[in-house]
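J.: Quick note, the sequences are listed as chains E, Z and H, same order. So that you can map any letter, position 208 of the first sequence is 208 in the UniProt record's numbering, and since no number is skipped, the others follow by simple counting. So that you can map any letter, position 124 of the second sequence is 124 in the UniProt record's numbering, and since no number is skipped, the others follow by simple counting. So that you can map any letter, position 17 of the third sequence is 17 in the UniProt record's numbering, and since no number is skipped, the others follow by simple counting.
Hints were generated in silico from the structure; no laboratory data involved. Hints may contain errors.
What the hints assert, rightly or not - Below, simulated DSS-like cross-link-like pairs (lysine-lysine); rule was C-alpha separation at most 25 Å, straight line: (1) H:Lys13 to E:Lys183; (2) E:Lys183 to H:Lys19; (3) H:Lys45 to H:Lys76; (4) Z:Lys29 to H:Lys45; (5) Z:Lys61 to Z:Lys75.
What follows is the residue order along each chain.
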Amino acid sequence: MLRTEEMLLNVGPQHPSTHGVFRLVITIDGETITEAKPVVGYLHRGTEKLAEDLTYTQIVPYTDRMDYLSAMTNNYIVVHAAETLMEVELPERAEFLRVIVMELNRIASHLVWFGTYLLDIGAMSPFLLAFREREQILDLFNDLCGARLTYNYMRIGGVKWDVPEGWLDQVRAFISNMREKLKEYEDLVAGNEIFLNRTRGIGVYSADEAIDYGLSGVNLRAAGVDWDLRRDRPYSVYDRFEFDVPVGKNGDLYDKFTCRMEEIRQSLRIVEQAVDQFPEGPVMAKVPRVIRVPEGEAYVQMESPRGELGCYLVSRGKDKPYRLKFRRPSFYNLQILPRLLKGENVANLVAILGGIDIVLGEVDA
Amino acid sequence: MQAWMWLGPVIMLFVVLGFVTLAILFERKVIGWMQSRIGPNRVGPWGLFQTVADVLKLLLKEDIVPQKADETLFKLAPVIAFVPAFAVVAVLPFTDSLVFADIGVGLLYFIAISSITTIGILAGGWASNNKYALIGAMRSAAQMISYEIPLVMALVGVIMAAGTLNLSGIVEAQKEMWFIVPQFIGFVVFFIASLAELNRTPFDLPEAESELVAGYHVEYSGFRFAFFMLAEYVYVFAMSALTTVLFLGGWNPLFGFTFLPPLIWFLLKFSLIVFTLIWIRATLPRIRVDQLMQLGWKVLLPLALFNIFLSALLKEIPGIGSYY
Amino acid sequence: MLGLLKGMGVTLKNMTKKKVTYKYPDEPVKMPERFRGIQHFDPEKCIVCNQCARVCPTDCITLTGRKHPDPNKRGKIIDTYDINFEICILCDLCTEVCPTEAIVMTRNFELAAYSRDELFKDMEWLHDNNTKIRGGSQ
Ligand code: SF4
Ligand code: SF4
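Working from the sequences, and respecting the hints, build out all of it.
T.: Have a look at this one:
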């Protein structure tokens with residue numbers, strides 16, 4: 001064997017493919033990684049601690065900034081936690097609206113993943129094409145709640161706005177357009193030999209390992225664990241919709257890709273059903289002006305685009321939480337990274353990191 | 001004669017620079033269109049002066065030499081990379097009369113000189129004293145070695161058929177039939193290998209921005225960086241011209257449409273190749289470094305060898321033998 | 001090989017399709033009615049109830065009031081009203097709680113400035129920011 005010297009390479013915090021300010025200290029032997037140490041915390045804003053000094057209404061805009069690619073699900077987890085303790089009866093229309101926006105947000109988030117992932121692998125066009133479609137979702141959100149990224153849409157007891165005129169039709173139009181575009185994406189990359197070679201059999205882990213590492217979401221399902229909180233622990237009105245949960249077999253990057261693409265399809269299905277069954281009625285329940293959550297604790301969980309998003313809320317009966325803890329899926333999913341990178345080629349680094357789909361705002365909170 | 005000797009290359013330099021300016025703009029436009037964008041449109045009408053503005057900006061920028069870099073080599077590297085890029089243009093025949101150096105071993109000269117650029121890249125990457133740059137430079141060297149061989153092997157078929165290494169001679173030999181038809185395997189191998197030689201997507205590993213930030217030129221700024229960029233695009237020019245000459249029949253018209261002057265024919269074919277390069281760049285992801293090696297050694301090289309064998313065999317068959 | 005060609009086809013098809021980019025800043029981007037842009041403030045309407053400052057999650061509103069100059073009238077009138085747009089997140093909460101609609105959202109969003117100081121907007125500025133008000137005309 002040729003004697004080679006190990007080299008310490010600092011990937012990030014400023015690196016085009018770490019998706020934000022994530023740092024990875026890797027030791028490489030030639031182009032093979034022998035050790036990888038993730039360093040997180042550059043984007044830490046202390047959301048959980050800040051929340052202790054904020055009223056429930058005020059916390060919601062802060063959660064927008066955690067997982068900024070799917071702010072709707074973050075909004076939901078907080079209001080859901082408070083509503084669980086308060087035992088609020090939500091109007092149906094509000095529940096439906098929540099489901100619609102959360103699923104649309106999931107699509108938007110997966111689209112960003114698709115685009116940035118292909119960009120990591122070196123293809124430029126998918127990124128812009130995916131953002132073209134995502135833009136339509138953001139425009140829909142802009143019409144609905146006046147913001148494109150930080151929605152602050154959900155309130156305890158419902159949602160802030162009812163649908164504007166013609167909005168549902170726009171959603172319908174988007175669904176059919178998106179279905180077409182999905183085919184285009186698959187034509188563009190799914191059969192591409194270079195893409196297949198770069199994703200098949202790379203970054204493999206078993207189902208047991210996935211569970212051991214506490215992975216959730218697509219990272220878990222790609223390894224073959226059939227577990228989706230929307231179906232297995234239904235919240236909101238998810239039990240009324242029909243949808244499949246795509247599950248992978250090999251736990252490699254390609255399975256993650258197919259799972260995410262299929263999830264977009266299933267989300268479209270959910271949105272379609274929700275739009276069709278959209279009920280009449282108010283969008284806000286009767287809640288007091290100043291929200292005081294009764295004493296107690298609650299842990300609620302949901303399926304965010306990245307995995308199990310949880311919120312543990314301890315209330316002492318005040319208008320502010322005593323303790324708020326988020327289970328942030330990106331953070332947990334990231335833990336498997338050192339194990340996956342060991343022994344891999346540097347060129348696979350970005351592919352594997354991208355496959356986990358982290359959002360640094362959520363990792364660091 | 002004297003004036004021509006001096007003026008020719010100077011004019012050529014400006015032509016090449018003009019091409020580079022246009023090519024970069026064209027590339028950005030086309031990629032923009034393919035991505036539902038309109039591309040640069042702010043500087044000048046239709047964004048025509050975008051590249052000029054970019055280059056101007058680069059020239060005005062502070063020239064930074066990293067403290068720990070090997071200064072001499074660092075400064076020399078862009079020159080080593082650029083000079084051969086321009087030197088190869090000399091042997092390219094654009095029409096039967098428009099050629100600067102009609103030397104007997106034109107093809108060999110082209111291939112030999114163009115490999116010197118890699119030394120510049122390697123030197124630049126090493127002298128930067130940056131790990132990303134070093135990895136990029138290493139990749140570049142490895143890639144060059146692996147792809148130069150199939151590239152040359154793929155050309156043997158053409159040389160056999162034309163019976164000369166002189167580029168004008170090769171074009172002459174394609175009067176009847178362009179080599180892309182009989183030498184199709186050779187063309188495919190050559191085209192893929194030339195993509196790799198050009199460090200273009202899907203073989204842009206030496207500068208893979210999502211992996212190595214910018215690869216070998218990560219530490220370069222200002223006009224030194226401009227030189228690397230320039231070298232790259234001059235090679236696009238040279239390689240596309242070479243492909244046209246070797247496989248698309250140079251200035252020979254298609255279907256005997258002689259009403260278009262030869263130079264136009266040349267430019268048409270040449271633009272087609274450039275467009276294909278851009279098109280590929282807009283579509284394909286990057287290949288992985290080990291797969292790159294496998295492709296070079298296990299697929300392209302055997303294919304090229306097979307092509308030589310096949311050409312030799314077919315040459316003996318009466319009837320179609322004249323095409324080989 | 002087929003997959004590669006298919007992908008090439010997709011990009012080629014997209015080349016002739018309609019472009020989706022905006023001509024911003026040549027043409028202003030039209031924001032929807034509900035858009036949360038820079039607030040407009042109407043001192044006449046404000047009753048100095050302090051609700052907006054209290055609900056603001058980032059504490060970016062500072063206001064002071066004084067007694068109504070007309071001794072026959074009760075209540076207060078606003079003296080100063082500042083929003084610090086360095087930290088305002090345009091969350092819409094202040095406009096939501098204001099009982100008199102003294103503070104309302106507009107569809108203006110261009111806040112870029114060369115200095116941070118310029119982002120500190122006072123009552124006068126906010127009052128003059130009176131175009132494209134939510135719920136208003138146009
Ligand atoms: S929009 Fe939100 S952050 Fe801005 S001033 Fe109003 S309440 Fe404060
Ligand atoms: S909530 Fe409205 S009325 Fe009350 S202080 Fe604020 S702006 Fe004035």
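J.: Is the Cα-Cα distance between lysine 183 of chain E and lysine 19 of chain H 25 Å or less?
T.: holds (20 Å)
J.: Hinted pair, alpha-carbon criterion (25 Å max): lysine 13 of chain H, lysine 183 of chain E. Please report holds or violated.
T.: holds (14 Å)
J.: Below or equal to 25 Å on CA atoms is what counts here, so check lysine 61 of chain Z against lysine 75 of chain Z.
T.: holds (16 Å)
J.: Has the given pair, lysine 45 of chain H with lysine 76 of chain H, been kept, meaning a C-alpha gap of at most 25 Å?
T.: Judged against 25 Å, a Cα distance of about 11 Å means the pair holds.
J.: Taken at face value, is the distance from the CA of lysine 45 of chain H to the CA of lysine 29 of chain Z at most 25 Å?
T.: violated (53 Å)
Checked against the numbered hints above, the structure violates only hint 4.
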